[in-house]
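Here is how the chains run, residue by residue.
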Amino acid sequence: MTDLETALDDDVRADERRRVPAPPGEGGGYTARRRAALLRRSVGGRRSRAAAREDLYEASQRTLVLRRFRRHRLAHLSLYLLVAMYVCAILAEFVAPYDKLHSFEDQKYAAPTQIHVVDEDGGWHLPFVYSSRTEIDQDTFTYETVVDTSVRHPVQLFVHGDEYELLGLIPADVHLFGTPDGQPVFLTGADHLGRDSFSRIMVGSRISLLVGFGGVVVSFVLGLLIGGLSGYLGGRVDAVSQRAIDLIISIPLIPLWMALSAAVPQTWSGVQTYLAITLILSLVGWTGLARVVRGRIIALREEDYVTAARVSAMRTPGIIGRHMLPALTSYLIVHITIAIPGMILGETTLSFLGLGISAPDVSWGSLLQGAQDVTVVSNYPWLLAPAVVLVIAVILFNFVGDGLRDASDPYQN
Amino acid sequence: MGPVLRYVGRRLLLMIPMLVLISFLSFVIIQLPPGDYVDTYARNLASEGGSVNADQLAALRAQYGLDQPMLVQYLVWMKNILFHWDFGTSFAYNQPVSEILAERVPRTMLISLVSIALTWAIAVPVGIYSAVRKYSVGDYVVTFLSFVGLAVPGFLVALVLMLLVYDHTGFLITGLFSPPYREAPWSVDRVLDLLRNVWLPLVVLTVAGIGGIVRVLRASLLDELGKQYVVTARAKGLTEGQVLRRYPLRLAMNPLLSTIGWMLPATVGGEIVVSKVLNLPTTGPVLLESIQSQDMYLTGAIVLLLSALTIIGTVISDVALAVADPRIRYERSRAA
Amino acid sequence: MHRTPQITRRQFTLGSLAAFMLPLAGCSLSSEIPQDLPTYDESEKSARGFVEPPFLRERVKAGTLPPIDERLPEDCFVVGSGTLLQPRYATWRDGRYGGTIRNTPTSPTGNLNLATGSTILRSPSQTTDQSMPNVVSAFEPSPDMRTFAFTLRKGLRWSDGEKVTTEDVRFLVEDLYQHPDSNTPFPTDLFTQRDTRLAPATLRVIDELRFELEFAAPYGQFVAALHSWIPTVSMLFVPAHHLKRYHGDYADPAALQQELDAAGASSWGELMTMKNLPSWSSGEADALGLPVLNAWVLTEVKETTRVFERNPYFWHVDASGHQLPYADSVVNYLVVDDDALLRAVMDGQVTVAAGDNVTLNNMAVYTQSGEHADTRVFLTNSFNFPPLLFLNHDYRHDAPDDPWQQLVADPDARFGRALSLAIDPEAINRSVYFGLHGEPMLNSAEHDPEKARTLLDQVGMDQVDDKGYRLGPDGASFTFAITFPTIALDFAPVAELVRSQLEDVGLRVTIKGVDDGLFGQLVSDNAVMASIHWNDGAGWSTGISNDYMPNEKGAWSPETWAYVQSKGEQGRKPPPYVQEFYDIASRRTEHPPASPEGKAAYERLMEWLTGHYAFIPTTGLRVKPNVVKNGVANLPDAGAPFELDTILNLEGIWFER
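Keeping their order, the protein sequence lines are chains R, B and U.
Going by the numbering used here, the letters in the first sequence line up with residues 1 to 413, in that order.
Going by the numbering used here, the letters in the second sequence line up with residues 1001 to 1336, in that order.
Going by the numbering used here, the letters in the third sequence line up with residues 2001 to 2657, in that order.
Hints were generated in silico from the structure; no laboratory data involved.
A hint or two may mislead.
As the list claims (entries may be wrong) - Which stretches of chain U does chain B cover? Using the computed rule of at least three CB atoms under 8 Å from a CB of chain B, they are:
id	region
1	2171-2185
2	2270-2283
3	2567-2576
Unchecked claim - One side only, chain U facing chain R, incomplete, derived with CB under 7 Å:
id	residue
4	Gly2080
5	Gly2082
6	Thr2359
7	Met2363
8	Ala2364
9	Val2365
10	Thr2367
11	Ser2477
12	Phe2478
All residues carry an ideal CB built from backbone N, CA and C; glycine is no exception.
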């Protein structure tokens, strides 16, 4: 054998040890491997490998980021779960088995319904629930759930139930799951009027997850713009905008919120009011981001590459956009992933103070306000489920943010 | 330090017109919600079964000066503050505002400072650990816990913890002190009682703050640690600790320092919602209550105080930033 | 490279600190303050047959306080079975001295205002028919109910020892009410027929102990005002000897200026309103040093505490020679809000929790914490009506042909009747109030959705839109908008149930909960179509409360009220059917509520209110819990008619252990 052939054999055996798969389209086996090894050693082979590396170098920022993000499995999974949450929020009425205002007779403070597959005698069935209702214990004034094991109600997918309008347009009455005969299935129990907590959490997620979005976008854009310009241009622009920020920060939020609540026209619905107030508050809330962006940009504008860009007669927005922003990206991403959950939590706090969403609209915050009660926490703790969902949503946002931050870090290999 | 001092001096001078503007703005906003304190008083009276007729309401308004146009009320308020150092009287408490604040602010500051110190003492090392040991099990646990801390609303945690303690020990936290020690003189027992009650607000406040700081520190530290100069430093033979301390940590603190100044008003103002839930005699519940009952002078004084502290805090932040980050200079940008 | 485990050490320290503190939570430091009951000899009586309270014995011995025989008037008010509360609702036992009543209100006075509000006349509970003179020793109305003659008790003294004389009444009426600079206008109850357009009372002082009040027209309802804990004794009596130092006509100018500066007041009128506090404000800091005619006097003001001590000159006694109150002191510890109050009750820190300090929604908590807190719960009826659905008859009154006006002005009141038939009080009772409230009452006693639908068809709402909701009588879409203030926990669930019941008969309903301040504003702007609120309906028949007027609580006609009050300058001229109400209400004030004419007038009044659907009860008569510590005697029995009596009669409770 020639030296080349020995070397090729070595390559093939090395490949097999490393379990490199045979190249496609050439049939399997040893021959294919030898051909591949030959290709690798040849100039043509090196050229094609080099070409692949070139692709990698010339790949756009976005492709790189996405590719790295996909490798961060936790963040990747979180993104899918988050998207699933948003889909549930949009299709809330479908996912939820009942209407948010549907109150069941004799089901006040019902405990979460247990779904069984084995009945009392040990027989196997498709998933079912027993009949149950709640009764007042006249000594303790608490509601006890009473289960009647003689009747079984099957739990099925895609049942007909309360009517609703999908996406606000299409009338429908199909729900993801439920019982065909109307026996309620309370995944997370029922509230003081016998309404399904799970359905209300689903519908509430729409307000909690979506409505504040606009506010976050507005304050994000404003904060970035003003902070960036202020930091980069310095001098008088900086001084004026900083003083403006100081002024705005000092405005007390709660009286502002109360005043706005009073000023909004009576005819607006609860959600419209909330949206309007959120947007207005975001005009006041961009200051945190602005200050940090400014801080970073002030640090960065002395960097050499910025000087170089200036010297090359690049225009200010371009300099900020192409050169300084990427260095900010990690903080911006962290900021957004904290801002959105912050918006969700802000809504919770405002509802707690009675200034946010109120009946008949429902959001996680208003549900938690109802659960913020000694009686409920002691006797009916399942009504704290919105807090669990809230925590999960926030955690998911943060994992995604983490992943994005790591993926966009230009210094990682 | 010369230019820094000049800068600080300039900023503090600017503070005065700013405060005037803020005072007027807050006064307007406080007045915005419909009605005034006399309406609140009449409503409270009505809900207890009493009633006032129109004459009595008018007399009350005249007494409190609430029948004057807003500008006049504002000018009177400003005049009293500037010339008599008199912040007015609270309608609801029937006490001078300065007295109420003198009682509450020191207490608020103590609780806030302790919880901030605890928060930073825990969060900074944890954030560093999390960044340095990226993707380790420890990192994931820390990350997860800090997210949970961020996510759960403080008032809910407070209530649940309170009831858990009550269920298991029969001791119910109803304020800073239990009834026997409320107005008692200081003693060892009273201190123990304080500890028994104050750990709950401290835990709630700290847990909420840790998450945010850990996240931000971890992110910005990871940024810095990836940079070339860190590689260089390592290559030069510095230990990890030295590498960390020399530059990345200081630069990574940049975003935290931007907001450090705002801890000043937060310390004095206290956390409103958690204080309300836990019945703490701090500034937060007073502010909330005075806003809701439109107790004008009390609200105005607190807001003015917090605004002034915010401005001072901003100056502190800027100075801290300049000192910590050698890249920052406040002179005119060379681009101009 | 080994990293020093900094965090681990810190976390360890923190963890062990926490572990150290948690056991402290359960250790022997108790949060219970034991009652310190004094031991004394009951048989040690004074010459007149009274027992000196142990709390005051030191001061009597030291000479700083006269002995009990000199402190009490010649003729005392004797409290026994049936005096404060009818015998069928409470068992009275003469008690023992000692103990501290503890409250945790959300305002300095809390509902202690009721307990410290002495009245001029006294009848058990909220009645006026077994009237006994209280502050006065004799009371005589003229047959035409225009002149009322009062005789003061001889020897009655203020809490600082000064005699109560007619000078106190004269000073109040002439130097305060009638004085242009005093900032103290006449209260509503002293106007003829409670009408501020008519003349207020005229005072005639006869001698040191006798005076007369004369009104321009028959005003029998004044008798009820004299029994009512709403205006209280401060309607006619103030400590003139004390207040003259704040009065511009009496005070030494230099001294007055000092007082003005100290208080930060700009005129003596302002100073006077700060110092002349009614019982509503008996816990305010300015009430320190103000002589009162109440069972307890404010003695200590701290940041979050108010301490009241027994009034040595209180003229109520029991048959065994004890001077009331039995409890030596009252301590109010201020809490931030109702949740904190609930926790204080749970923890057993409150001696008597009743009235608006408790709510039926929290029954589970009260019963579950009973053992730990050493408390018991009993239910009584209430002075307040349950939540009512108010209909604003003035809504959109300025738009001609407005469908709402058509509906409420209907002479047969069919729309109102339809609403009341659609509401299911039993369902609301079961859902929100554990089924404990009373039977359906007044105009919502009948529940018949079918009849409701027929009536709605009859008033012209027989057409429906594409969603199935009824169109208004004018053919346009119609929304029944309910607004309510978020002042009570039960309003929101009641509103939701009412909504679903009204939607059941085809109406399109929206509900909106708003802040109380905003609600008041909306009412003033006449922007509320319908609301949920309560009022003191159970106290109307005896005249103790009069909040059926159109501007009160849910405001069923605020604009006509504004018109009447402003003598025609603002608001809406009352349409004939509303004018009818004003006439009936005026007529009613002519007679004492306990008289046959008074009762008949009250019947007519209720007939108008229910027949015209000013409001519709959403459920049966209200029931309230009372949470009291074990070992407290002379409390009302379960089923007593008014929860307020539990607090009004605190002077009579005593501690058995």
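The hints, checked one at a time:
no.	hint	in the structure
1	2171-2185	holds (count 3)
2	2270-2283	holds (count 4)
3	2567-2576	violated (count 0)
4	Gly2080	violated (35 Å)
5	Gly2082	violated (32 Å)
6	Thr2359	violated (10 Å)
7	Met2363	holds (4 Å)
8	Ala2364	holds (5 Å)
9	Val2365	holds (5 Å)
10	Thr2367	holds (5 Å)
11	Ser2477	violated (13 Å)
12	Phe2478	violated (14 Å)
The earlier numbered hints that this structure contradicts are 3, 4, 5, 6, 11, 12.
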